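This is what each chain is made of:
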Amino acid sequence: NAGVTQTPKFRILKIGQSMTLQCAQDMNHNYMYWYRQDPGMGLKLIYYSVGAGITDKGEVPNGYNVSRSTTEDFPLRLELAAPSQTSVYFCASSSTTVAKNIQYFGAGTRLSVL
Amino acid sequence: RKEVEQDPGPFNVPEGATVAFNCTYSNSASQSFFWYRQDCRKEPKLLMSVYSSGNEDGRFTAQLNRASQYISLLIRDSKLSDSATYLCVVLPTGGGNKLTFGTGTQLKVEL
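Residue numbers (the numbering used here), protein chains in the order written: chain A, 38 to 151; chain B, 480 to 590.
Derived by calculation from the structure, the hints in this document are not laboratory data. Remember, it's a predicted structure, so these values are computed and weren't measured experimentally. Check before you lean on any hint, since a few could be wrong.
[Claimed, not checked] Below, a list of computed lysine to aspartate or glutamate pairs in the DMTMM-like style, where the Cα atoms sit at most 20 Å apart:
hint	chain 1	residue 1	chain 2	residue 2
1	B	Lys577	A	Asp93
2	B	Lys577	A	Glu96
3	B	Lys524	A	Asp63
4	B	Lys481	A	Asp75
5	A	Lys81	B	Glu535
6	B	Lys577	B	Asp561
7	B	Lys577	A	Glu116
8	A	Lys46	B	Asp518
9	B	Lys481	A	Glu116
10	B	Lys521	A	Asp75
Let the sequences and hints guide you as you build the complete structure.
This is the structure in structure tokens:
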């Protein structure tokens with residue numbers, strides 16, 4: 038039962054570098070999300086997707102990009118890393134059943150930008 | 480006013496104690512409510528949904544008060560393993576599947 042898998046688990050970037058955080062789910066969920074969690078703060082939604090080929094901005098999209106070419110994968114791209122992007126990034130997925138709306142999270146990617 | 484507000488704690492309680500957390504939300508039209516649990520340096524996991532009539536799952540009881548716009552979580556007979564951060568989560572009306580997370584209440588259960 039893999040659920041939601043995120044890679045890498047940890048990463049250190051230099052300012053201005055780029056990277057892609059990978060996220061894959063094997064539950065055939067249509068909805069996928071990217072959040073960031075800063076110390077002492079709640080999860081903030083970066084981007085989300087309601088299905089393959091459809092993405093939309095969340096609360097804090099600046100500095101990030103996403104794509105959703107398949108139901109399973111939802112990568113998050115950082116183009117020009119900045120220290121403000123130091124955070125823990127969580128990917129999540131959920132079914133289309135709005136009433137239940139249980140989100141399943143990956144184990145997270147801890148990113149430091151120095 | 481924050482959309483979802485929680486007392487950050489920490490709540491330090493002895494094993495076996497009963498502890499309660501409250502959470503207030505600002506959008507009166509919010510439609511669904513949840514408690515998630517997050518262990519240190521781990522991902523959030525659903526603890527329980529919160530239903531209008533209140534609901535219980537073992538030692539955990541969740542209540543919703545729409546008039547006062549708050550939800551609560553009661554933990555009875557606390558265990559050391561209950562030590563975690565409890566996140567109050569709200570689905571606003573018209574929010575699609577976009578949940579709003581509180582910053583969490585930290586619980587430490589001690590011997």
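Here is how each hint holds up against the structure:
no.: 1; hint: B/Lys577 with A/Asp93; in the structure: 11 Å, holds
no.: 2; hint: B/Lys577 with A/Glu96; in the structure: 10 Å, holds
no.: 3; hint: B/Lys524 with A/Asp63; in the structure: 17 Å, holds
no.: 4; hint: B/Lys481 with A/Asp75; in the structure: 16 Å, holds
no.: 5; hint: A/Lys81 with B/Glu535; in the structure: 29 Å, violated
no.: 6; hint: B/Lys577 with B/Asp561; in the structure: 27 Å, violated
no.: 7; hint: B/Lys577 with A/Glu116; in the structure: 25 Å, violated
no.: 8; hint: A/Lys46 with B/Asp518; in the structure: 16 Å, holds
no.: 9; hint: B/Lys481 with A/Glu116; in the structure: 30 Å, violated
no.: 10; hint: B/Lys521 with A/Asp75; in the structure: 13 Å, holds
Consistency note: the structure conflicts with the earlier hints numbered 5, 6, 7 and 9.
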